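Chains V and A, in that order, are what the protein sequence lines are. If you read the first sequence in my numbering, its first letter stands for residue 3, the second for the next number, and so on. If you read the second sequence in my numbering, its first letter stands for residue 55, the second for the next number, and so on.
Be careful, since some hints might not be right.
Stated by the list, open to error - Which chain V residues face chain A? A few, computed with CB under 10 Å, are given here:
#: 1; residue: Thr122
#: 2; residue: Gly124
#: 3; residue: Ala223
#: 4; residue: Gly224
#: 5; residue: Leu226
#: 6; residue: Arg227
#: 7; residue: Leu239
#: 8; residue: Gln240
#: 9; residue: Asp244
Everything labelled a hint here was simulated from the structure, so no lab data went into it. Note that the structure is a prediction, hence the values are computed from the model and not measured. In this text, a Cβ means the ideal position worked out from N, Cα and C, and glycines have one as well.
Single-letter residue listing:
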Amino acid sequence: MTSSRAVGATGSAARLGVPAWIWPPALLGAFFVGLPLVALAARVDWINLPALLAAPDSLAALELSLRTSAISTVVCLLLGIPLALVLARTRIPGRAVLRTLVLLPLVLPPVVGGLALLQTFGRLGLLSSALDLFGLRIAFTTTAVVLAQVFVSMPFLVLSTEGALRTAERGYETVAAGLGAAPGFVLTRVTLPLVLPGLISGAVLAFARSLGEFGATLTFAGSLRGVTRTLPLEIYLQREVDPDAATALSLLLIVVAVLIVALTHRPRAAR
Amino acid sequence: MRRKSLVLLVALSLSVTACASQSPTSAEPTPAEPTRGQSTEPLTVFAAASLADVLTTIGINFQREAGLPTSFSFGGSADLVAQLQGGAPADVLATADEATMNKARDAGVVTAEPTVFATNTLTIAVAPGNPHGIASLADLAQPGRLVVICAMQVPCGATTASVTKDAGVTLTPVSEENSVTDVLGKVTSGEADAGLVWSTDIGRAQGRAERVDFPEADKRTSNYLIAPVASSTRTDDAQGFIDYVTSPPAQQVLGDAGFRKP
Numbered sequence: 003m004t005s006s007r008a009v010g011a012t013g014s015a016a017r018l019g020v021p022a023w024i025w026p027p028a029l030l031g032a033f034f035v036g037l038p039l040v041a042l043a044a045r046v047d048w049i050n051l052p053a054l055l056a057a058p059d060s061l062a063a064l065e066l067s068l069r070t071s072a073i074s075t076v077v078c079l080l081l082g083i084p085l086a087l088v089l090a091r092t093r094i095p096g097r098a099v100l101r102t103l104v105l106l107p108l109v110l111p112p113v114v115g116g117l118a119l120l121q122t123f124g125r126l127g128l129l130s131s132a133l134d135l136f137g138l139r140i141a142f143t144t145t146a147v148v149l150a151q152v153f154v155s156m157p158f159l160v161l162s163t164e165g166a167l168r169t170a171e172r173g174y175e176t177v178a179a180g181l182g183a184a185p186g187f188v189l190t191r192v193t194l195p196l197v198l199p200g201l202i203s204g205a206v207l208a209f210a211r212s213l214g215e216f217g218a219t220l221t222f223a224g225s226l227r228g229v230t231r232t233l234p235l236e237i238y239l240q241r242e243v244d245p246d247a248a249t250a251l252s253l254l255l256i257v258v259a260v261l262i263v264a265l266t267h268r269p270r271a272a273r
Numbered sequence: 055m056r057r058k059s060l061v062l063l064v065a066l067s068l069s070v071t072a073c074a075s076q077s078p079t080s081a082e083p084t085p086a087e088p089t090r091g092q093s094t095e096p097l098t099v100f101a102a103a104s105l106a107d108v109l110t111t112i113g114i115n116f117q118r119e120a121g122l123p124t125s126f127s128f129g130g131s132a133d134l135v136a137q138l139q140g141g142a143p144a145d146v147l148a149t150a151d152e153a154t155m156n157k158a159r160d161a162g163v164v165t166a167e168p169t170v171f172a173t174n175t176l177t178i179a180v181a182p183g184n185p186h187g188i189a190s191l192a193d194l195a196q197p198g199r200l201v202v203i204c205a206m207q208v209p210c211g212a213t214t215a216s217v218t219k220d221a222g223v224t225l226t227p228v229s230e231e232n233s234v235t236d237v238l239g240k241v242t243s244g245e246a247d248a249g250l251v252w253s254t255d256i257g258r259a260q261g262r263a264e265r266v267d268f269p270e271a272d273k274r275t276s277n278y279l280i281a282p283v284a285s286s287t288r289t290d291d292a293q294g295f296i297d298y299v300t301s302p303p304a305q306q307v308l309g310d311a312g313f314r315k316p
């Protein structure tokens, strides 16, 4: 993953040209990613689009998706930042194993993630007796959707934040500690602001990944309107009967994702 | 530094493979030695997911009889029709309900008259031993029962809606799945107390689910239809397979799996 640019990256490096031969593969890559989106947009039934998007099922799915993705991103931040700090700034043994575990959801097929979550939090899962003790049922609830999203999105946040922490200037933190600041103060007032770009980038990726989560949600949480049927699940269902509705909703998902990424992922000018 | 980039490369290539989308399962029975100089190019059959086990068996028998191997692609009926519309090559189409076959005909994917080769009815799937003592559709509506059904948009969901309306029962399911396989899966894994599935799916659960029949099911049978794909050039071979599926030996196999006669 990208590490945040070190403070003070020179503008002169950017003015060096790139070799000409990189343009064909770059353009090919751009077309490969862009053309399917253009094709999808061309397929949309523009006349009926407002009606299709305003349908109660579509709105319920959109609201659920946005709500759960937001909660998941907050959970990822609350758990992921400390995890990234442990990985980047401590010397505990077994960090390599921990990092591998954290990155595992990135390479696991989401359905496998869903099955694993089921084996943990399901009615007959590992934690079932503990959950029964508190009278909690997780499967088929919105909580399950959030859990599934956190599982698949956490790696993005941890990876991005850890990378930023590793390449950040330690000088400021050393000075702050030397001046008598407690570790907590150094963390919140010096370290985190320094790695904010990487942090935000990771959070945006986590949100976008949560928005698009499908396999783990379907397997672990089920599919019920307003409770667990997020936008991707709604699209998957609409495909069965109404391809126009599915295309319209797909466009909606793309637009939401583009807005989120564009609004928060602006490249920062070198200081 | 080098180890880090190696790890990153491995992780990237693994993520690429992990991001592969789900596609309908396909089964390829190993072809026997070519006989009688016939074409050994496998006949491509697109069939509904609920036919997976039974059609594979029929395909093997057909190959033994006619020397013609078959290659199946199983999936949701609507998915298959969409693929055929998109130009996927196939010779025969078998759907789990009339509505989907009608869609195929409207789209021009099928032009010949389809043949009904089996019917299916719904049943309630419960855990072995029926721990909650479910005996009827009304029992499913009891508070606290975790019931899973198919979504309205798929064939088994539409039939579920009909039978519950006939019985005057209102269900509050905890999940409406996209495929009957997922409904069965939630019951066999213990997540749900009960689910409404096809009769034939109980057999496929291999002892991990029990059936509870209810009278309203018989009034709403689902017709399984088979037809040659219009774009196929192997009209004789396709018709040969269709004729075999409606013949007594294949009907016996279908009956053993729980399908009923057309």
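Hint by hint, here is what the structure shows:
1. Thr122: Violated - the Cβ of threonine 122 of chain V stays beyond 10 Å from chain A, reaching only about 13 Å at its closest.
2. Gly124: 6 Å, holds
3. Ala223: 8 Å, holds
4. Gly224: Where the cut-off is 10 Å and the nearest Cβ of chain A is about 3 Å from glycine 224 of chain V, the hint holds.
5. Leu226: 5 Å, holds
6. Arg227: 8 Å, holds
7. Leu239: At about 6 Å, which falls below the 10 Å cut-off, the nearest Cβ of chain A leaves the hint on leucine 239 of chain V intact, so it holds.
8. Gln240: 7 Å, holds
9. Asp244: 8 Å, holds
Hint 1 from the earlier list is the only one contradicted by this structure; the remaining hints agree with it.
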